[in-house]
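Line by line, the protein sequences give chains A and B. Following this note's numbering, the numbering of the first sequence begins with 2 at its first residue and continues without gaps. Following this note's numbering, the numbering of the second sequence begins with 10 at its first residue and continues without gaps.
All the pointers check out, no bait thrown in.
Interface residues of chain B toward chain A, partial, derived using beta-carbon atoms under 7 Å:
1. Q112
2. K118
3. A119
4. N121
Treat the hints as calculated values from the structure; they're not laboratory data. Predicted model, so just to flag it, every value in this text is computed and none were measured. For glycine and all other residues, C-beta sits at the position ideal for the given N, C-alpha and C.
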Amino acid sequence: MSATSAPITTTPPVTPPPVSASAKAKKRLTSPWASLAALVLAVLWTLPTFGLLISSFRPQRDIRTSGWWTFFSDPEFTMDNYREVLGSDSSGGLGDFFVNSFIITIPSVIIPLTLASLAAYAFAWIKFPGRDLLFVAVFALQIVPIQVTLIPLLTLYVDAGIAGTFWPIWLSHSIFALPLAVFLLHNFMKEIPSTLLEAARVDGAGHISIFFKVLLPLLRPALAAFGIFQFLWVWNDLLVALTFAGGGGTVAPITVALANLSGTRGTAWHLLSAGAFVSIVVPVTIFLLLQRYFVRGLLAGSVKG
Amino acid sequence: MSIHRKGTRFRIALAGTVSVGLVLGVTACGDGDGDSGGGTTASAAAIDCAQFSSYGDLKGKTVTVYTGIVTPEDKPQIDSYKPFEQCTGVTVKYEGDKAFETQVLVRAKAGNPPDLAYVPQPGLLKQLVATGKAVEAPAQTAANVDKFFGEDWKAYGTVNGKFYAAPLGANVKSLVWYSPKEFTDSSYTVPTTLDELKALTDKMVTDGKKPWCAGIASGEATGWPLTDWMEDMMLRLSGPETYDKWVNHQIPFNGPESTAALDAVGTYLKNDKYVNGGLGDMKSIATTTFQDAGLPITEGTCSLHRQANFYAANFDKDTKVAEDGDVFAFYLPGKDAQTKPVLGGGEFVLSFANRPEVQAFQTYLSTDTWANAKAAISSGWVSANSGLDPNKLTNPIDKLSVTILQDKNAVFRFDGSDQMPAAVGSNAFWKQTTSWITGQDTKTTVDNIEKAWPK
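The following block holds chain A by itself, in its conformation from the complex (with noise of 0.2 Å):
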């Protein structure tokens, strides 16, 4: 079970299972039982989407005054919702809060994965005085809450002159991510086995060799893992970027404009759902396409063991 319940806390190669655990757990796994249950859980997660999906095509009177539910006896179906989404006339259109996700989001994963890559290299396999207390160190900044951090870092990025550029999320994104992805790479990195480097230094590799045509190959489902937890991650956020985007500017990512689109006072939550549809669209799109390499990530500790 813990394998499907709970990715991404256990991501596993700390201490892989044992034989016989992984063997009952797919014995009880593959039960009819079981299948039920999992099928249920399905129906029950997927049903306010659904829900919400529904709501998104009804006309807002219809939205205000009954459920979703009642779609399937009085269906009255409208795109005006997305209509007034999209549209860029009004001051609610979501376009450019788009193309300004993907322009925070695409660097906000690259820099954290490439950093920790390397650094992950280093705390594994780079043998240097205090590496363990600095490895312990860089974990442990996994517990500062980020809201401690907002303003003092505001006030950096203030002092050095970017504040309103992209470049505070993209530079406070990659610190929030960094020690989780330090940690995740490393441990990933640890168990390949030793023999393999030796084999490659053995032929004359040195650590930039043996980092890009060693470990890179063996690393790219961590990495494809790894890469769409922060892309996940940062598409949804909205409290680094209402802190960092300047609130509502013109780096400010879709869902700062989720966020307004109800309206000064709320008056306006109808179009919350055609919104939140066009907003998930992109991680949806990215999990489906990547689903493969995501379960080979997370997996690839205890297939190994």
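Based on the hints, put chain B in the right spot on chain A.
This is chain B only, laid out in the frame that chain A set:
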């Protein structure tokens, strides 16, 4: 009025006196009615740039504005700056953000404040001034405020005796929504005293109706409509002076005055015969969102709903909001027909920079020119600016709001919960009144709020 003012302004502009102090003189010209210039109602059509020449040459400058006013109210805001932008060459960068109230503090503390912030609460205004980043309003803005706004409004923009922020928009909370059609059909009359309101309610009950509908759910701010109810009652039962003492905690929150006010709310909202029309029983008040709470009026299942003028936006586009339409509002009457306390809210323009273009824009926003320009292109927006001409308003509810604000007998008081310390105004007050509506008794409620007051 406007004719004369415009003519005079034009003449002065021609004279070529370009100085900061001029704005003062210009706007003060309203009472001097010698000249009757040609430009009658041309405010929207052709922009008369001469009136802006006093601001000097500001080409290429930018003013950033940060506010909690977002869609759809932001568009008329932005459009109303256009004459200023075209004539002075200043670009106004408008940032609307619903998280304004928290973010503006973060930005001010981090040294990244906007040039101007539209602050909707006097309490927040004080906090922002306390960061030391805000600057006082320029003299000409202050002069405009003296001229166009009442003492009460000016006081809300003043912190520690220094005047910081001129009022921008305003809303009127002392309104009761009703269906004019129902009133005609059942020959009800709009009440002019609190007793008449009670009598009307009882009459509706005898007619087999549940007169009142209410809803207080509003996410983390759940409960705020009840605080408005209580403030309205406080103003009516104990008068504005006591209200001020109550807001500033010079009298305790659990004193006899507030107990009486809350009990007065209770006679309406904690009465199963009176509530909750079209929505359920008394308990449904806590679970109905404030946006939905007045909608039963249009369905004929509820007759009365106390909510501010901005509630108009919640009705369908097909619903006609007018004196002869589907829904309209009347002034929540005072104790007698003569006293007219008005509870309301509004935004204040706080400046964080004293560059000339910022001061010019700040001053422009405090003029009657801007108020009228803004009112001409928006619906559901009013200002307490006395230069605002009610006849130029197209929307009946706006007209009503302005009439109430400009009434000679009107005594305006700002929403109390917005002025109280955050621990009360946006925490205990909301939460305790929510508990109150779901069953907690009045004494426990006021005692708990009193306990929550920061020492």
